[in-house]
Amino acid sequence: MTTSSRLNIGAVRYSFAPWEDPAARPLIRFDGVVKRFGDDVAVNGISLDIYEKEFFALLGPSGCGKTTLMRMLAGFETPDAGTITLEGEDILDKPAHRRPVNMMFQSYALFPHLNVEQNIAFGLKHLPGEERKDRVLDMLALVRLEGLARRKPDQLSGGQRQRVALARAIAPRPRLLLLDEPLAALDKKLRDETQFELVALQERLGMTFMVVTHDQEEAMVMSTRVAVMDKGQIVQVGRPAEVYETPNSRYVADFIGEVNLFEARVTQAGSGTLKLTGGNCPAGYEVREDTPIPPGTAVWLAVRPEKIQVTQDRPPAGANGMAGKVADIGYLGDWTTYLVTVPGGMTVRAARANAARIVERPIDWDDEVWLTFSPDAAVVLTS
Amino acid sequence: MPWRGLPALAPFLWLAAFFLFPFVLVAKLSMSDIALAIPPYAPRLDLSRGLNGLVAFVHGLDFDAYRHMFEDGVYAASYLSSLKFAAIGTGSLLLVGYPMAYGMARCPPGVRQALLMMVVLPFWTSFLIRIYAWIAILKPEGLLNAVLGWLGLPPVALMDNDPAVIIGLVYAYLPFMVLPLYSVLERQDESLLEAAADLGCTRIETFWRVTFPLSLPGLAAGALLCFIPMVGEFVIPDLLGGSSTLMLGKTIWTEFFANRDWPAASAVAIILLATLIAPILIYQRQQSKLMDTP
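Chains A and B supply the protein sequences, listed in that same order. Residues 49 to 431 (the numbering used here) make up the first sequence, in order. Residues 29 to 322 (the numbering used here) make up the second sequence, in order.
Chain A extracted, bound-state conformation (with noise of 0.2 Å):
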């Protein structure tokens, strides 16, 4: 693939948002829905619109719910309340095996006693022998197995298990595809390119891709959309940038990402711009925030290492500034990462891309340093 190709998927992605458009029908529409095992509540009242065409993500952590939320959606489980209608249409009463929904498991569950091939069609039986044909070789072709049609399951790599699960799951053509942590067994490497070529694909098969997975990386790659869960909820929903820049908690800013979070207190609200005290900077924050926030209510401000900067030399009066001393020094290649002791005992982490080839360190352990970020950079939590 291109660069340019790339940089244009980019461009179409970024305008595509049904979910802001009020006319637009979604194709899958939870609604209150809520799934308990004994006494645990696994899903507890979830609604959500998935739309046509989206590559949608839920993350959480392990035991928030979203696999049962999935397995839900593929007919494994019946919530014990609310509805799940596709195209408008309830699929509650329908068993699994009538639900156009396809799932790739993430353990593959390829069938050991069937070839690649045979596994592929397998779920084309309804097809006449000639389109079934045609099929699979489509799909072989589409994950690139071509040559590797008669192996059997146990005679491939990690790596080709998981392109005939996908193209298995695929072959039937599913209004959506279910993706159980399609990435959890692969190596690092093979998993950032694996991400790149499942969007790549999702757009040119035009469907509709719903991925459950723990690891945040994956879900900000390759989705339209992230849906962040914790304890059978929905925290936030929204693009991969607004969940990263814009956190609506304590909770989505922790787990997206690393964050610094200071306690603070607001101490004098103006038009865009809140002035707020807190014990790690005895100056006092200005920070920019277009919700009104009354003096006096405690809450946290989110700043991402990244946005943070470490000079030796004293910033300006008035910018956020406080003074500490560098506790460890991270150094990443990429990256260096900066843990910075600041008064009140916190310790922050600052990053600052290695963008030159500087072998020699400016700053090093123990160094007194300035930490400071830009009015723009924290985002004011309340909750």
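Hints in this document: simulated from the structure, not taken from any laboratory. All residues carry an ideal CB built from backbone N, CA and C; glycine is no exception. Among the clues, some could well be false.
Pulled a few chain B residues facing chain A out of the computed Cβ check, cut under 10 Å [what the hints assert, rightly or not]:
{"hint": "1", "residue": "38"}
{"hint": "2", "residue": "41"}
{"hint": "3", "residue": "211"}
{"hint": "4", "residue": "214"}
{"hint": "5", "residue": "217"}
{"hint": "6", "residue": "221"}
{"hint": "7", "residue": "226"}
{"hint": "8", "residue": "228"}
{"hint": "9", "residue": "229"}
{"hint": "10", "residue": "230"}
{"hint": "11", "residue": "231"}
{"hint": "12", "residue": "238"}
{"hint": "13", "residue": "244"}
{"hint": "14", "residue": "248"}
Taking beta-carbon pairs under 8 Å as the criterion, some of the chain B residues facing chain A (in silico) [as the list claims (entries may be wrong)]:
{"hint": "15", "residue": "219"}
{"hint": "16", "residue": "222"}
{"hint": "17", "residue": "223"}
{"hint": "18", "residue": "225"}
{"hint": "19", "residue": "227"}
{"hint": "20", "residue": "241"}
{"hint": "21", "residue": "242"}
{"hint": "22", "residue": "280"}
Listed below are the simulated EDC-like cross-link pairs for lysine to aspartate or glutamate, each with C-alpha atoms no more than 16 Å apart in a straight line [to be verified]:
{"hint": "23", "chain 1": "B", "residue 1": "317", "chain 2": "A", "residue 2": "202"}
{"hint": "24", "chain 1": "A", "residue 1": "173", "chain 2": "B", "residue 2": "266"}
{"hint": "25", "chain 1": "A", "residue 1": "142", "chain 2": "B", "residue 2": "222"}
{"hint": "26", "chain 1": "A", "residue 1": "355", "chain 2": "A", "residue 2": "293"}
{"hint": "27", "chain 1": "A", "residue 1": "373", "chain 2": "A", "residue 2": "414"}
{"hint": "28", "chain 1": "B", "residue 1": "167", "chain 2": "B", "residue 2": "233"}
Given chain A's structure and the hints, the job is docking chain B onto it.
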């Protein structure tokens, strides 16, 4: 260290002492001739005469017992009849044992253990007593006919005939069929069944397209584990079968104790073993394949 391999010898010594040595004795017996003596066969190895004794002994061996077997049709009939009983028995066991094993494997784990116990439990009483119990059930004035009479149904003749032998075989060998089937069905990956349903299979289609083909190794193991010993079965045909029931085990017993024809009995035993080697080897291969797959 030269002694390190020593423990590995133990199974070989065991086999040599309790299989190879008796086998050589039986093979030797089968090549002897019947004689009016104690024990009732000739030649006998006289090692006090040294090498000459050994030469005379080897010259005395022949294949008369085997020739006799091919000439007398009763042996072939008994042989075929044994195979037939074992085949019908194995087939019936599949029909009875597969649903049992399948049902057990689908139960919740706690119940599974209890059911497994119930399948194995009869082994804790004497085999002979259990077969005698079947006589009490099947005999003309036995339990079964009493129940049938009470229900107003005509009595059935299920004693001292071939159907009685089949009932006995199915009863006695059931665990050998159920356990290997259960072990493959129980460890079948649940997500494969979900994947099949996801790809449009009803439960029945899922069974025939996924569950059944994947249980074939267990099915083969169970079938061979039952078929092999059934061919040589003696107690069940002797106690439940009629006078016309022909099975090799009975034939060997008759030759040995009634006719005092030890060479003939041994020859039957050797032929039985020779024909069972093929299924035994298949069973071994099946087992090692099962061990290889995690």
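Results of checking the hints against the structure:
1. 38: At 34 Å from the nearest chain A Cβ, residue 38 of chain B fails the 10 Å test, so the hint is violated.
2. 41: With Cβ-Cβ at 38 Å, over 10 Å, it is violated.
3. 211: violated (16 Å)
4. 214: Violated - the Cβ of residue 214 of chain B stays beyond 10 Å from chain A, reaching only about 16 Å at its closest.
5. 217: This hint holds: residue 217 of chain B lies near chain A, its Cβ roughly 7 Å from the closest one there, short of 10 Å.
6. 221: holds (9 Å)
7. 226: holds (5 Å)
8. 228: Result: holds, 5 Å to nearest chain A Cβ.
9. 229: This interface hint holds because 6 Å falls under the 10 Å limit.
10. 230: Holds, about 6 Å.
11. 231: holds (9 Å)
12. 238: holds (6 Å)
13. 244: It holds, given that the least Cβ distance between residue 244 of chain B and chain A is near 8 Å, below 10 Å.
14. 248: violated (14 Å)
15. 219: Given a least distance of 4 Å, the restraint on residue 219 of chain B holds.
16. 222: holds (6 Å)
17. 223: Holds. Min distance 4 Å.
18. 225: Holds: closest Cβ of chain A sits about 4 Å from residue 225 of chain B, inside 8 Å.
19. 227: holds (3 Å)
20. 241: With a closest approach of 5 Å, the residue 241 of chain B hint holds.
21. 242: holds (6 Å)
22. 280: violated (41 Å)
23. B:317 x A:202: Satisfied, since the Cα-Cα distance of roughly 14 Å is no more than 16 Å.
24. A:173 x B:266: violated (52 Å)
25. A:142 x B:222: holds (15 Å)
26. A:355 x A:293: holds (11 Å)
27. A:373 x A:414: Satisfied, since the Cα-Cα distance of roughly 6 Å is no more than 16 Å.
28. B:167 x B:233: Roughly 43 Å separates the two Cα atoms, so the pair is violated.
Comparing the model with each earlier hint shows violations of hints 1, 2, 3, 4, 14, 22, 24, 28; every other hint is respected.
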